[in-house]
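Q: Here the protein sequences come in this chain order: Z and B. Residue numbers for the first sequence follow the numbering used here, beginning at 2 and rising by one. Residue numbers for the second sequence follow the numbering used here, beginning at 51 and rising by one.
These are computed hints drawn from the structure, not numbers from a lab. One or more hints might be untrue.
Stated by the list, open to error - Here are some of the chain Z residues that sit facing chain B, going by a computed Cβ distance under 7 Å:
1) R4
2) L122
3) M163
4) I167
5) E169
6) A170
7) D173
8) G175
9) A176
10) D225
11) E233
12) A234
Claimed, not checked - Below 20 Å or equal to it, Euclidean Cα-Cα: the simulated SDA-like pairs (lysine to any residue) are:
13) K128/B / P188/Z
14) K158/B / N180/Z
15) K158/B / D177/Z
16) K128/B / N180/Z
17) K128/B / R166/Z
18) K157/B / V181/Z
19) K182/B / Q193/B
20) K44/Z / V246/Z
21) K155/B / R183/Z
22) K157/B / R183/Z
23) K353/B / N321/B
24) K182/B / P188/Z
25) K157/B / E169/Z
26) K157/B / P178/Z
27) K162/Z / K369/B
28) K161/Z / K182/B
29) K137/B / V186/Z
30) K128/B / V246/Z
31) K155/B / L187/Z
32) K369/B / F311/B
33) K155/B / K161/Z
34) K137/B / M163/Z
35) K128/B / K161/Z
Bear in mind that the values here come from a model prediction, so they are computed numbers and not experimental data. Every residue gets a Cβ at the ideal spot worked out from N, C-alpha and C, and that includes glycine.
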Amino acid sequence: MKRSAFAGPYVAWMAMFTVAPLLFVVYFAFKGDSGFTLANIQKFLAPTYLNVLWRSLYLAVYCTAICLLIGYPAAYFLAGKDFSKNQALFVLILIPMWMNFLLRTYAMMSLLEDSGIINQLLKAMGLQPLAMIGTEGAVLTGMVYNFVPFMILPIYTSLKKMDERIIEAAEDLGADPYNVFRRVVLPLSVPGVVSGITMVFMPAVTTFAISRLLGSGNFWLFGDIIERQFLEANDWGFGSALSLVMMMLIIASIGLLNRIDPKKEGSGAW
Amino acid sequence: MIEETRLIELIGISKDFDGTKALSDINLYIRKREFVTLLGPSGCGKTTMLRIIGGFEYPTEGTLLFEGKDIASVPPYKRRVNTVFQKYALFPHLNVYDNIAFGLKLKKMSRGEIEKRVGRMLNLVKMTGFEKRSVDSLSGGQQQRIAIARALVNEPEVLLLDEPLGALDLKLRKEMQLELKSMQQELGITFMFVTHDQEEALTMSDTIVVMNEGRIQQVGDPKRIYDEPKNAFVADFIGESNILRGLMLEDELVSMCGEKFPCVDSGFGINQPVDVVVRPEDIMVVGEDVGMLTGEVKSVLFKGVHYEMIISAGGFNWKVHSTTMQPAGSTVGLSIVPFNMHIMRRQPPKEAAS
Numbered sequence: 002m003k004r005s006a007f008a009g010p011y012v013a014w015m016a017m018f019t020v021a022p023l024l025f026v027v028y029f030a031f032k033g034d035s036g037f038t039l040a041n042i043q044k045f046l047a048p049t050y051l052n053v054l055w056r057s058l059y060l061a062v063y064c065t066a067i068c069l070l071i072g073y074p075a076a077y078f079l080a081g082k083d084f085s086k087n088q089a090l091f092v093l094i095l096i097p098m099w100m101n102f103l104l105r106t107y108a109m110m111s112l113l114e115d116s117g118i119i120n121q122l123l124k125a126m127g128l129q130p131l132a133m134i135g136t137e138g139a140v141l142t143g144m145v146y147n148f149v150p151f152m153i154l155p156i157y158t159s160l161k162k163m164d165e166r167i168i169e170a171a172e173d174l175g176a177d178p179y180n181v182f183r184r185v186v187l188p189l190s191v192p193g194v195v196s197g198i199t200m201v202f203m204p205a206v207t208t209f210a211i212s213r214l215l216g217s218g219n220f221w222l223f224g225d226i227i228e229r230q231f232l233e234a235n236d237w238g239f240g241s242a243l244s245l246v247m248m249m250l251i252i253a254s255i256g257l258l259n260r261i262d263p264k265k266e267g268s269g270a271w
Numbered sequence: 051m052i053e054e055t056r057l058i059e060l061i062g063i064s065k066d067f068d069g070t071k072a073l074s075d076i077n078l079y080i081r082k083r084e085f086v087t088l089l090g091p092s093g094c095g096k097t098t099m100l101r102i103i104g105g106f107e108y109p110t111e112g113t114l115l116f117e118g119k120d121i122a123s124v125p126p127y128k129r130r131v132n133t134v135f136q137k138y139a140l141f142p143h144l145n146v147y148d149n150i151a152f153g154l155k156l157k158k159m160s161r162g163e164i165e166k167r168v169g170r171m172l173n174l175v176k177m178t179g180f181e182k183r184s185v186d187s188l189s190g191g192q193q194q195r196i197a198i199a200r201a202l203v204n205e206p207e208v209l210l211l212d213e214p215l216g217a218l219d220l221k222l223r224k225e226m227q228l229e230l231k232s233m234q235q236e237l238g239i240t241f242m243f244v245t246h247d248q249e250e251a252l253t254m255s256d257t258i259v260v261m262n263e264g265r266i267q268q269v270g271d272p273k274r275i276y277d278e279p280k281n282a283f284v285a286d287f288i289g290e291s292n293i294l295r296g297l298m299l300e301d302e303l304v305s306m307c308g309e310k311f312p313c314v315d316s317g318f319g320i321n322q323p324v325d326v327v328v329r330p331e332d333i334m335v336v337g338e339d340v341g342m343l344t345g346e347v348k349s350v351l352f353k354g355v356h357y358e359m360i361i362s363a364g365g366f367n368w369k370v371h372s373t374t375m376q377p378a379g380s381t382v383g384l385s386i387v388p389f390n391m392h393i394m395r396r397q398p399p400k401e402a403a404s
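Turn these sequences into a full structure, and let the hints steer you where they fit.
A: Right, dumping it as structure tokens:
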């Protein structure tokens, strides 16, 4: 039997549940009452929808940036020599990943609610309660909370597999700790950073449940309006058109990220 | 060439790794422009010693002096010492030019000056024209040359080389040995070279430091190390040798294999147990009746320049190198001139090991 035959079940699975649905999406997006139409795409160009797209984009960018700012130092610490003997913190970072993201988001809700844990603590200390739930900040917090492990892990991996000798070579050639980091560690961890950004940005830009739960329905994100077309408005044509836009967006951003790291290593950062 | 100034001095240096002694009480000095080789089997502490000098390990005990100043706590990036690492450790994200320019850029040297120096180095290691190549595209020997250039371009006081030729094939290795030696003489830089290859050490060094189990066994120039090994370990590790147990009967007379042999050593006392070392090329195969010992040829191997024969005589299997061959099974006489018998005090069992 040919080795490629082993991929058969997977190919069948992909054909049935990825390729076929994609073809349906394209079909519905351009199918009018009488043949081909661009009406669904044109409908998307209305300011309401463009605004939602814009909000989805900037929340995802913020979320990715914050995850990077939190995740890189964390990964750097975890991959360091000082840490190698104590795995407790690593497990603490991983634990949230083992749970369903809806559970995590509900947990976040009970923290941020008007009568939630944080506000009760504030009240107990005699301070004014804060209106957190239903704000963009709450949605962003929920997104960062959910996605930060996906930033830490790839960066951690790229730092961990870095050859200790290369760092020693840099020190040997006169690089102080700052220059070792800037000229060697950072450029060599670029592949990890790129894959971290990809793994956070993609789910962040398409997210929908988090905005619903933590935004109290005050914010529509792009994922929300797609869901709505299919489940409530029953407008499959428009829903498919929006999905296509989203897909193009994702493909474009992958292309952009690959340009940062064309050789899949940290060249050009000197 | 070698100046008498002591550039680096190790005084009573010891290093423990989690309770295991890697180095014990190392005392050694290295002079300016000297080519020093640390020679020993793997795990003997030679790399640890180099790493202490490079600043990558901190000695558990002892003092490390550089031009008379204690530098044990000076970080590697402030030491005027550069290293050629065992597996080269080139920067994979930089091309050949940027690898070599790494140290110069950190010194904020002008672009023109950097270009000039990198060019000169590439010329020295015969890699001109490779500036823009990625280091992954280079062969082992080429990477080796870039690693040497990257270290030397900084004009260090001392260049540390950690088994730099270990990954090269024999021919390339021999070539690089000569090139390294001539580079060292041309640049007038002190080289500290680590190897487990005794031939390499004998070829290149001004001074060889033989090490075993974290201790220095002998320090001396190659000829002295080869001709006058201080103990059985050195004799066995450097070149090939026959090591026998003997008894020093009196000055200039030793007994072994049930016979008495004249030698040139004295001062061991009367009836002292000793180790006797005889190099295979120092044993003369003579007529059956004129030899000091009579024995039977057990096996013969052709080695190119000479034959290697195992000859059983006096209850010992002698390894003998000779350009003339005696067939296996024949009876021969063996003779050794007094000058070629090396007598050494018997080591306490631990250090005489292997």
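Q: Look at each hint and say if it fits the structure.
A: Quick rundown of the hints versus the structure:
At about 29 Å, the closest approach between the beta carbon of R4/Z and any beta carbon in chain B exceeds 7 Å, and the interface hint on this residue is violated. A cut of 7 Å between beta carbons decides the hint on L122/Z: the least distance to chain B is about 46 Å, and the hint is violated. The interface hint given for M163/Z is violated, since its Cβ lies 10 Å from the closest Cβ of chain B, which is over the 7 Å cut-off. The criterion of a C-beta within 7 Å of any C-beta in chain B is met by I167/Z, whose closest approach is roughly 5 Å, and the hint holds.
Interface restraint check for E169/Z: the shortest CB-CB distance to chain B comes to about 6 Å, inside 7 Å, so the restraint holds. Interface hint at A170/Z: satisfied, since its Cβ lies 4 Å from the closest Cβ of chain B, which is below the 7 Å cut-off. Proximity of D173/Z to chain B holds as hinted, the smallest CB-CB distance being about 5 Å (cut-off 7 Å). For G175/Z, the shortest C-beta to C-beta distance to chain B is roughly 5 Å, which falls under 7 Å, so the interface hint holds.
Hint status for A176/Z: holds, given a least beta-carbon distance of 6 Å to chain B, under 7 Å. Hint status for D225/Z relative to chain B: violated, with the closest Cβ pair at about 41 Å, above 7 Å. With a cut of 7 Å, the hint placing E233/Z at the interface with chain B is violated, because the nearest CB-to-CB distance is about 51 Å. For A234/Z, the shortest C-beta to C-beta distance to chain B is roughly 51 Å, which exceeds 7 Å, and the interface hint is violated.
Simply put, K128/B and P188/Z have alpha-carbon atoms about 23 Å apart, too far for the 20 Å limit, and the pair is violated. A hinted pair counts as satisfied when its Cα atoms are at most 20 Å apart, and K158/B with N180/Z qualifies at roughly 12 Å. With a C-alpha separation of about 14 Å, the suggested pairing of K158/B with D177/Z holds against the 20 Å cut-off. The straight-line distance between the Cα atoms of K128/B and N180/Z is roughly 13 Å, inside the 20 Å bound, and the hint therefore holds.
For the suggested pair K128/B and R166/Z, the alpha carbons sit about 18 Å apart, so the restraint of at most 20 Å is met. Simply put, K157/B and V181/Z have alpha-carbon atoms about 14 Å apart, close enough for the 20 Å limit, and the pair holds. Under the criterion of a C-alpha separation no larger than 20 Å, the hint pairing K182/B with Q193/B is consistent with the structure, at around 14 Å. A C-alpha spacing of about 12 Å is found between K44/Z and V246/Z, which places the hinted pair at or below 20 Å, so the restraint holds.
Of the pairs offered as hints, the one joining K155/B and R183/Z holds, with about 13 Å between alpha carbons and a cut-off of 20 Å not exceeded. The suggested pairing of K157/B with R183/Z holds, with an alpha-carbon distance near 15 Å, which does not exceed 20 Å. With a C-alpha separation of about 39 Å, the suggested pairing of K353/B with N321/B is violated against the 20 Å cut-off. At roughly 18 Å between alpha-carbon atoms, K182/B and P188/Z fall within 20 Å of each other, so this suggested pair holds.
Taken as a hint, the K157/B and E169/Z pair is honoured in the structure, with Cα atoms around 18 Å apart against an allowance of 20 Å. A hinted pair counts as satisfied when its Cα atoms are at most 20 Å apart, and K157/B with P178/Z qualifies at roughly 15 Å. Between K162/Z and K369/B, the direct Cα distance comes to roughly 49 Å. Violation of the 20 Å bound is thereby established for this hinted pair. Proposed proximity of K161/Z and K182/B is contradicted: the alpha carbons are some 28 Å apart, above 20 Å.
A distance of roughly 19 Å separates the Cα atoms of K137/B and V186/Z; the hinted pair therefore holds under the 20 Å criterion. At most 20 Å may separate the alpha-carbon atoms for a hinted pair to count; K128/B and V246/Z exceed this at roughly 56 Å. Our distance criterion of 20 Å between C-alpha atoms is met by K155/B and L187/Z, whose separation comes to about 17 Å. For a cut-off of 20 Å, the pair hint linking K369/B to F311/B stands: about 18 Å separates their Cα positions.
Between K155/B and K161/Z the CA atoms are separated by roughly 27 Å; this puts the pair beyond 20 Å, and the hint is violated. Under the criterion of a C-alpha separation no larger than 20 Å, the hint pairing K137/B with M163/Z is consistent with the structure, at around 14 Å. In summary, the hint linking K128/B to K161/Z is not supported, as the alpha carbons are separated by about 26 Å, beyond the 20 Å threshold.
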